[in-house]
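4 protein chains.
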Amino acid sequence: MSLLLTGATVIDGVSDQGIDGHAILIDDGRIVAIGRPDELTGTETLDFRGKFVIPGLMNANVHLLINVFFETLVRYEGRYEDLIVEAAQVALKSGMTTVFDTWGPRRALMSARDRIDRGRTPGSRIRCAGNIIGFDGPFSDDFDKRIPGVGSSHFVDRVNATWVENVGRHLMWLTPEAVGEEVRAYLERGVDFVKYASNEHGAAAAGAFLQFSERTQRIIVEEAHRGGLTAQSHTSTVEGLRMAIEAGCDLVQHCNMTGPTEIPRETLELLAGKNCGAVVFPLTDNGFKILKESVSDHEWTMWQASDANARNLVDSGASILLANDGGIFAPEVRSEPMIKGTWNGLPEDEALGRLATGHFVWLKAMEEKGMSPMALLHAATRNIAEAYQVDDDLGTLEAGKIADLVVLDEDPLQSAKNYQSIHAVIKDGAVVDLDALPEQPLLTADLPPSPVEAARYRKAVHHGARLPGCPSCLNGNH
Amino acid sequence: MSLLLTGATVIDGVSDQGIDGHAILIDDGRIVAIGRPDELTGTETLDFRGKFVIPGLMNANVHLLINVFFETLVRYEGRYEDLIVEAAQVALKSGMTTVFDTWGPRRALMSARDRIDRGRTPGSRIRCAGNIIGFDGPFSDDFDKRIPGVGSSHFVDRVNATWVENVGRHLMWLTPEAVGEEVRAYLERGVDFVKYASNEHGAAAAGAFLQFSERTQRIIVEEAHRGGLTAQSHTSTVEGLRMAIEAGCDLVQHCNMTGPTEIPRETLELLAGKNCGAVVFPLTDNGFKILKESVSDHEWTMWQASDANARNLVDSGASILLANDGGIFAPEVRSEPMIKGTWNGLPEDEALGRLATGHFVWLKAMEEKGMSPMALLHAATRNIAEAYQVDDDLGTLEAGKIADLVVLDEDPLQSAKNYQSIHAVIKDGAVVDLDALPEQPLLTADLPPSPVEAARYRKAVHHGARLPGCPSCLNGNH
Amino acid sequence: MSLLLTGATVIDGVSDQGIDGHAILIDDGRIVAIGRPDELTGTETLDFRGKFVIPGLMNANVHLLINVFFETLVRYEGRYEDLIVEAAQVALKSGMTTVFDTWGPRRALMSARDRIDRGRTPGSRIRCAGNIIGFDGPFSDDFDKRIPGVGSSHFVDRVNATWVENVGRHLMWLTPEAVGEEVRAYLERGVDFVKYASNEHGAAAAGAFLQFSERTQRIIVEEAHRGGLTAQSHTSTVEGLRMAIEAGCDLVQHCNMTGPTEIPRETLELLAGKNCGAVVFPLTDNGFKILKESVSDHEWTMWQASDANARNLVDSGASILLANDGGIFAPEVRSEPMIKGTWNGLPEDEALGRLATGHFVWLKAMEEKGMSPMALLHAATRNIAEAYQVDDDLGTLEAGKIADLVVLDEDPLQSAKNYQSIHAVIKDGAVVDLDALPEQPLLTADLPPSPVEAARYRKAVHHGARLPGCPSCLNGNH
Amino acid sequence: MSLLLTGATVIDGVSDQGIDGHAILIDDGRIVAIGRPDELTGTETLDFRGKFVIPGLMNANVHLLINVFFETLVRYEGRYEDLIVEAAQVALKSGMTTVFDTWGPRRALMSARDRIDRGRTPGSRIRCAGNIIGFDGPFSDDFDKRIPGVGSSHFVDRVNATWVENVGRHLMWLTPEAVGEEVRAYLERGVDFVKYASNEHGAAAAGAFLQFSERTQRIIVEEAHRGGLTAQSHTSTVEGLRMAIEAGCDLVQHCNMTGPTEIPRETLELLAGKNCGAVVFPLTDNGFKILKESVSDHEWTMWQASDANARNLVDSGASILLANDGGIFAPEVRSEPMIKGTWNGLPEDEALGRLATGHFVWLKAMEEKGMSPMALLHAATRNIAEAYQVDDDLGTLEAGKIADLVVLDEDPLQSAKNYQSIHAVIKDGAVVDLDALPEQPLLTADLPPSPVEAARYRKAVHHGARLPGCPSCLNGNH
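Residue numbers (my numbering), protein chains in the order written: chain E, 11 to 488; chain U, 11 to 488; chain S, 11 to 488; chain X, 11 to 488.
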């Protein structure tokens, strides 16, 4: 049974502009042909007159299980795969037919990936890295160091082991060659690409420390390439970025985040010259303004540099990739004070990191920074496919490629905001029932109602310790 | 259908000694008669030749949900009642036909109580106080102050509200009369007795602060009595103890725990003179020795005073009650370092606080301190029934009382350790199927096996922060 | 050599109003007579025409060494007496001829007191309590609990011992009678009055816990009275206040600070009926407004209650005393963030707690709350002398009393702000050289200049840990 | 005036063995000749018959102000130079005529250095690096992160600036070239050599993170060499060590400390091949045993690797340097719990890090590991002079060199412990009055006596919070 899409303007990601009225013939999950409708015939026809068809959107950096809060990981222990599937369905509903998960629990991710690949559940196509090589687990100094001591050792170790396996912080103690061996062992477990830490994650010195030397980084990248996989790096300083590019990474994550220092011209040229994919994490102009109010002067230097970097990267000719660390935070987490002052605390229209909407924010932000309409489309599709070396199958609408595409009501080449006008999503050649997603809301479900007892628990006076103590002393804060 | 128990030595808790060969006739859940077997007839006969029948054991202070660790309360949210039922079944299996829960989540406790009372599930008879009046919830300065900030506000508040309702710390800000009104409102929700804090719980000054004044304490006790309920107090200093007795409490909890100071003679006499039930928390001689090795000198002063108090209380003629804060700690919690140096960290034979075995430890410890065999039995049965004013129904084997009894293989009047030789438990006139308990192991279940990933998470080198840093500096500890 | 003051309006604190033109004859440190100038002769005459003479101001609650920060106590170890003398000189310069120090290091305070009493150094007359009975030292859970572990044990213990001696927290473990013995031993060391804690200091439950029972409080007060000393209490709840009054205190500190609950009418009547001095800590209307912006809703409930209490106390007829916990914070401490949100963080015109100016704020605030001009003067002089039972010598301008007086340029009965127009201060019959005070500025000295190196220590980028880490995570805050 | 030393066995550090009976002629601070006593004449003669003369001992790594505890830095603010002079005098008294201070407050160190060089005060010759390039100050995440927030911002910033100036953590944000510029600016302030961080100091990941990339390290070394100075590195992993050697360092500090991993053979060969000085921090056999009892298994892996490294370094042919991070801890600090479990907590005979005795421990430890007597002497003298490129003047006893020498009672070539038998120290040709050192004991002074008040501060019961709270709960630890 074949499917013929007719009537739409086809923006195939190859041509310089959309082509009105071309039809797309799909069979067995792939695009068979694109051409004049009178030359093509399908057993079923969908009339998309007035619509705009684009390649399925991609996201070069999501975390389908980003909500690694102690409470959440306890509550859903044994169901992490369900959380990941929920997220993959949210992603698909938002037009992303393929997402690259760059940090998460390997086994649950691979299991969800395989369920989706085999058609057993709907969801965005997942490709995953498992752990970021060099990082310790969610309940460690790299992430939330408060948990050991609060949670039971059994659980804390279990969770950390689930994320880290053999490629955690201990690699820093080893020789480059010994690191290479551990990476090889990890790859054999079936991850789709390799991500390693050039800089530390940020809890120690805001990301300024280096996790691995140039030599170790080269060996990690070589191992990935030897295994037929792409390699990428987590960087957060200008030197960490330069090292990752020199090491031969296929792409670098959030490369505009370089602390208070702007990326020097030489590094920009190196990035473009080596055709290394450049993931950018931008702020919108409005988000930039809002954030300024809530962050310290020190932090602000970083946001300013990140913005200058984003603009310079656009000008540099590097291959820009859309990505946003997209994930789902449970509603009780979203309202916590710790969210404030991060860009996840921005209003939804400006918040980059949300899985369902952040890619739209990305497109708006980069449009503001001067990327052309077609460059935006490439950043969200073709460039990602190329950087991840899946462009034989994905990234553009061409005969022979997998039939992943999004149908929009409004023209995305007119305004980036039109990417939000999703009319239909077709993945692997089949129309997705968007209304049914996510099938089982967990983190996207509403908060449970307050218990009857809560009304009687009068917070105002219970939390006595928040009152000032001795009225003329300074000790109330202790 | 009536039941006739024959052949056993009956230790009824009334006579000075056991009576050989008397039969006990039970009908409709109550004891109909105790007498010569040839004078009694039942539709069913149980031959307990060579056994020893005693009144069902009681425990004047348990916490059926004592494992209020953040991780546990997240994992079992919505199932606290199941945890309580599990504990009530463990208690019953251990010979305790009635337990008094003196701190826990009121609604879940009452619901479990009612399920058991109505015969819908087996379990020890529960009578419960709900919150200790004056204490804040599990995730507060009174218990675990690390959790607010780690758990989501929604969950933290939900749990605290579930425990506290309207009778928490804020009462300290009120006048005695206003406290009385709040207590009255709480009683109307259906608790079985009242427990309030004379001293603070211990996180602030090891229990030395006073929570309520003499006047407030009197008003709380009066409210309880006006509502037909008994009143008791949590005390931890000699003055806090004296105040509770003067206020008219029917019993006082762990009254031998008075910090580094021994209870003065006047207070001992007051306790005995007012017939106030004296709950003692004793250490065995062996436990005392073990503990000495692991605690500081400061702590040791308290254990020494508690031991001297226990002995003096026995001599004082006060009505001694068996109790132990008995509860079930999940296996992952029992192995945590925080358990060490507490008496829950003692070996099972000496650990007072365990629900399944702690009452046996109590009996052994108090036997060592010179209580007579019959005084031990009374402490575990009749004295508790009298202090809680349920002695019309419980506490001894007498015609008309509820048929709660334990059948032992060995004579408890020979040695306190014989209480462990439980042959059968009969509650409400029915033989309990001990092997079936607990029906659904939750906290008593085994730990889950290690995940496959754990083998690869090499702890020895991951947790780098535990290594000394600069080798000649002192900074390794920071 | 006698001194005759002529020409001023004399507001003697006894008459209902000022008397124009009366002269005051002083000899040997005391007032010999007050009367018509033509009837009096002195060897020296001071012409205060157009001025206003009032009794020397008093302050019922200062802490001449309130700056008990670790850094300060290290820096000035061995010189605490010098800090106290500096503060006594600041107080004198501000018109306070007598101050009652209600918490501080006993030996240094007594030594400074004696130096001043013997005329060896100028300064406000000091009367002191030493430790607040029941409180632990500056580096303890009662004050700054962060210091043990940061400072060396030797120093931490030394400081705590210097403040606490034998009357600290451990008294809570004792029987009332044993507390009485310890208090008696403490009084023998020479303090001038007794202050004890009815409520805890505030670090545990914002002041809601009770430190001592009614019985213990009565015994402490009895010990003070038996020793010929007055007794007072630190209270912070309505019940703690009631207990202190019932125990027989001569005065109660900051009695309007009762957490979120207003003082009930019965307690107000008790206070007035027992003629117990009522120290009030008021906010000005403007300070009240400013503070509202910076404190939480929970804290605000307390400030509102404290304000209502202040007004109700004025109406109650109780003897109101001026006091403010007055002390000197070093300039580096005043600019610390922990000051914000306390009333010490208010602008100088509204900040109650500053030694040099806070009493003027007090007078302004209570004038706003409706106290009459003469009532204000009494609160600052006569009422304090009476409550402390030094009214034979101090508090009014009467023949036979010590010649402590303040000469103002403007009429204090016209406006409370005129108390600031200090023209001269006479203490013990001698004119004070105000310009020379403080003789040796320590805490009132300027900050040292920045070292040369500071310019090169670029804070903006050094403190990397303040930058957000992983840009899309929430971990920046950990 | 010239000085002739006669009668001793001269161990000049050049010959393979000591030469009996040679005389040493010294004039104007330098050695004029060494030869047969009948051929040499001095205006003054010192008869050292039966003694052993060796070159003045050197130490390649001391911290003359290592006691950077908050309390100490407050107490001695403005007198850091005095503390440094005291330490230099302790060093001299212990036979060290030259010490290399590799981390400390630059200005105070240079000032002490100059005072000693100009003969204004006795003391070991100081050569200093100032800050370790890349590290933040004493009150920062690199050292003691608890202090910001406890100390006033003014003081905390002042201290950090004094240590760090422009070469702190912020360099990690910069490009290699920009780091080079900052280093150049720092060198212009007059330090004697350059030390930078290859690995982080250890508070973040026990030293596993890298502070600077290979490229940055090369540029730092080049800047040092361009300025005519030697360069060295702080390393703590095998990769950090390799990078430092490759970068061209003249010596590497504590190169046997590489976490849990032993230095690979290739790196050992690189070290020897490049003639890079190898500072070793050894444990004695006995110290090793003692430490095993007090450290965790994780830490133990590091000590084991460090010991294997020390032995392998001896075998590798690398130039071994004596050093020990030698410094003086104040007595109140030495007795703090944080010292335990560090090698500073070992008994004096085994504790490497003490300034007065640690070099003797070093010699004993390395003798145990098989270094020959002459190799030990070289490690303590000539090797250090060569690595620091001061061998034209120092390190051996040769005509023309500075007359720094130590006279021993016992033969150091017989046993390493004989280095402790110091008979006399001659520095710059003059006999040092050892008994007079240190001239002004500060950190080496005794603790002040307990105040009178201390006897009354009964610790056992004051620190109530150390007592268990609710006796059957786990909350005592919170």
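Hints listed in this document are in silico derivations from the structure and should not be mistaken for laboratory results.
No residue lacks a Cβ here, since even glycine has one placed at the ideal position from N, Cα and C.
Incorrect hints may appear among the rest.
[Unchecked claim] What follows is a set of in silico ranges between Cβ atoms, one per label pair, in the way DEER data are often shown:
1. R236/U to D325/S: 49 to 59 Å
2. K302/E to Q314/S: 49 to 59 Å
3. M348/X to H433/U: 35 to 45 Å
[To be verified] Lysine-lysine pairs mimicking DSSO-like chemistry, simulated, CA-CA at most 30 Å apart:
4. K427/E to K411/E
5. K302/X to K302/U
6. K302/E to K302/S
7. K411/U to K284/U
8. K299/U to K302/X
9. K155/E to K155/S
10. K427/U to K379/U
11. K155/E to K379/X
12. K379/X to K302/E
13. K284/U to K302/U
14. K155/X to K302/U
15. K302/X to K379/X
16. K284/E to K411/E
17. K299/E to K427/S
18. K284/E to K155/E
19. K379/S to K299/S
20. K411/U to K299/U
21. K284/S to K155/S
22. K299/S to K411/S
23. K411/X to K299/X
24. K427/E to K299/E
25. K155/X to K155/S
26. K302/X to K155/X
27. K302/X to K155/E
28. K411/S to K155/U
29. K155/U to K302/S
30. K155/E to K155/U
31. K411/U to K302/U
32. K379/E to K155/E
33. K302/X to K155/U
34. K302/E to K299/S
35. K302/U to K155/S
[Claimed, not checked] If you want a taste of the chain S side facing chain X, the calculated C-beta under 8 Å gives, among others:
36. E81
37. G161
38. N176
39. E303
Here is what the structure says about each hint:
1. Under the hint 49 to 59 Å, the C-beta atoms of R236/U and D325/S, about 35 Å apart, miss the expected range.
2. Against the hinted window of 49 to 59 Å, the Cβ-Cβ separation of K302/E and Q314/S comes to about 35 Å, which falls outside the hint.
3. The hint said 35 to 45 Å for the Cβ distance between M348/X and H433/U, and at roughly 57 Å that hint is violated.
4. Pair hint K427/E plus K411/E holds up; C-alpha atoms about 27 Å apart against a cutoff of 30 Å.
5. For the given pair, K302/X sits about 25 Å from K302/U by alpha-carbon distance, which is consistent with the 30 Å threshold.
6. Proposed proximity of K302/E and K302/S is supported: the alpha carbons are some 25 Å apart, at most 30 Å.
7. Distance hint between K411/U and K284/U is fulfilled; the C-alpha atoms sit about 26 Å from each other, no more than 30 Å.
8. A C-alpha spacing of about 27 Å is found between K299/U and K302/X, which places the hinted pair at or below 30 Å, so the restraint holds.
9. For the hint pairing K155/E with K155/S, the CA-to-CA distance comes to about 22 Å; that is within 30 Å, so the pair holds.
10. Straight-line distance between C-alpha atoms of K427/U and K379/U comes to about 14 Å, which keeps the hinted pair within the 30 Å bound.
11. Taking the CA atoms of K155/E and K379/X, the gap is about 40 Å. The hint is violated against a cut of 30 Å.
12. The hinted pair formed by K379/X and K302/E fails the criterion: a straight-line CA distance of about 60 Å is larger than 30 Å.
13. For the hint linking K284/U to K302/U, the alpha-carbon distance of about 35 Å lies beyond 30 Å, and the restraint is violated.
14. At roughly 35 Å between alpha-carbon atoms, K155/X and K302/U are farther apart than 30 Å, so this suggested pair is violated.
15. For the proposed pair K302/X and K379/X, the alpha carbon gap of about 18 Å is at most 30 Å, so the pair holds.
16. Taking the CA atoms of K284/E and K411/E, the gap is about 26 Å. The hint holds against a cut of 30 Å.
17. Pair hint K299/E plus K427/S does not hold up; C-alpha atoms about 45 Å apart against a cutoff of 30 Å.
18. Between the alpha carbons of K284/E and K155/E the distance comes to roughly 38 Å, so the proposed pair goes past 30 Å and is violated.
19. Proximity of K379/S to K299/S is assessed by CA-CA distance (about 15 Å); at most 30 Å being required, the pair is judged to hold.
20. For the given pair, K411/U sits about 42 Å from K299/U by alpha-carbon distance, which is inconsistent with the 30 Å threshold.
21. A C-alpha spacing of about 38 Å is found between K284/S and K155/S, which places the hinted pair above 30 Å, so the restraint is violated.
22. As the CA atoms of K299/S and K411/S are separated by approximately 42 Å, the hinted pair breaks the 30 Å bound.
23. The hinted pair formed by K411/X and K299/X fails the criterion: a straight-line CA distance of about 42 Å is larger than 30 Å.
24. Of the pairs offered as hints, the one joining K427/E and K299/E holds, with about 20 Å between alpha carbons and a cut-off of 30 Å not exceeded.
25. The straight-line distance between the Cα atoms of K155/X and K155/S is roughly 17 Å, inside the 30 Å bound, and the hint therefore holds.
26. A distance of roughly 28 Å separates the Cα atoms of K302/X and K155/X; the hinted pair therefore holds under the 30 Å criterion.
27. Pair hint K302/X plus K155/E holds up; C-alpha atoms about 27 Å apart against a cutoff of 30 Å.
28. Distance hint between K411/S and K155/U is unfulfilled; the C-alpha atoms sit about 56 Å from each other, more than 30 Å.
29. Proximity of K155/U to K302/S is assessed by CA-CA distance (about 27 Å); at most 30 Å being required, the pair is judged to hold.
30. Distance restraint check for K155/E and K155/U: the Cα-Cα separation of roughly 17 Å lies within the 30 Å cut-off, and the hinted pair is therefore satisfied.
31. Restraint check: the Cα-Cα separation between K411/U and K302/U comes to about 44 Å, which exceeds 30 Å; the hinted pair is violated.
32. With a C-alpha separation of about 37 Å, the suggested pair K379/E and K155/E falls outside the 30 Å cut-off, and the hint is violated.
33. At most 30 Å may separate the alpha-carbon atoms for a hinted pair to count; K302/X and K155/U exceed this at roughly 35 Å.
34. Of the supplied pair hints, the one linking K302/E and K299/S holds, its CA atoms being roughly 28 Å apart against a limit of 30 Å.
35. With a C-alpha separation of about 27 Å, the suggested pair K302/U and K155/S falls inside the 30 Å cut-off, and the hint holds.
36. Hint on E81/S holds. Least Cβ distance to chain X is approximately 5 Å, under the 8 Å limit.
37. Annotation: G161/S was flagged as interfacial toward chain X, and the flag holds, the nearest CB pair being 5 Å apart, inside 8 Å.
38. Because the smallest distance between the Cβ of N176/S and any Cβ of chain X comes to about 4 Å, under 8 Å, the interface hint for this residue holds.
39. The beta carbon of E303/S is not positioned within 8 Å of any beta carbon in chain X (closest approach about 23 Å), and the interface hint is therefore violated.
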